[in-house]
Structures are given as C-alpha cells and as structure tokens.
Amino acid sequence: MNRLNKEIIYLIISVISAIVLPISLGASSKDISYFTFNSNLVWLPFWILVLCLPFYGIIQITKLTDKIPIKLWIGLLINLISFVLILRFFSIEVYAI
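Using the working numbering, read the sequence shown as starting at 67 and increasing by one per residue.
Be a bit skeptical, because a hint or two may be false.
As the list claims (entries may be wrong) - Quick list of the computed label-pair ranges, beta carbon to beta carbon: (1) Ile134 x Pro111: 27 to 33 Å; (2) Ile140 x Ile89: 33 to 39 Å; (3) Ser90 x Lys129: 27 to 33 Å.
Bear in mind the hints are in silico, worked out from the structure with no lab data behind them.
Heads up, the beta-carbon is just placed ideally off N, CA and C, and yes, glycines get one too.
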C-alpha cells in the first residue's frame, strides 16, 4: 500500500469517527466499568480510536519528512478535536502546569 492510500484511509477513518461521535453522545447502551471508570459499551471503540489514531498520525507525520502530508495533518486535527470533545463529555480534567 503506498503512502497516498495510507493518508486517505487515515483521513476517512478520522472523518467517520468525528461524524459518528455526536450520534454516540446521545446513544444509550449497557454500562460497563473498568478501573473505577463507568462508561457505555458504545464508547469502547471510540476510546480506542481517539487514543490510537492521533499517535498513528504523529508517527506518520514524523516519518514523512520529505513532503508535508496535508491529509495527515487534517486527520490529526480532527482527531484532536474529537479527543477534546470526549474529554469534556466525560468531565475528565487535564491539568496544565
């Protein structure tokens, strides 16, 4: 798979996760708890996507130093906005130094 296909797939997954995010905000399903943190079963794939996709984007951006990967930057920006929305929805405070 060439580089352009990876960039397009990353951007598509980022956009899909951002589109489905507001739908999941209103969805209700079975509650699960892990590490004293209660959540719905709907949120498990979003936690995986939101935590893993930005790291993948950062790694790909640092590997591609010959050209500016605009699609990866757009996907990373979408993922970070989704990350902030999920943090605000679950009332998780990230303390700044």
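Verification of the hints:
1. Look at Ile134 against Pro111: about 30 Å separates their beta carbons, and that is inside 27 to 33 Å.
2. At about 21 Å, the CB distance of Ile140 to Ile89 disagrees with the hint of 33 to 39 Å.
3. Between Ser90 and Lys129 the beta carbon distance is about 31 Å. The supplied range of 27 to 33 Å therefore holds.
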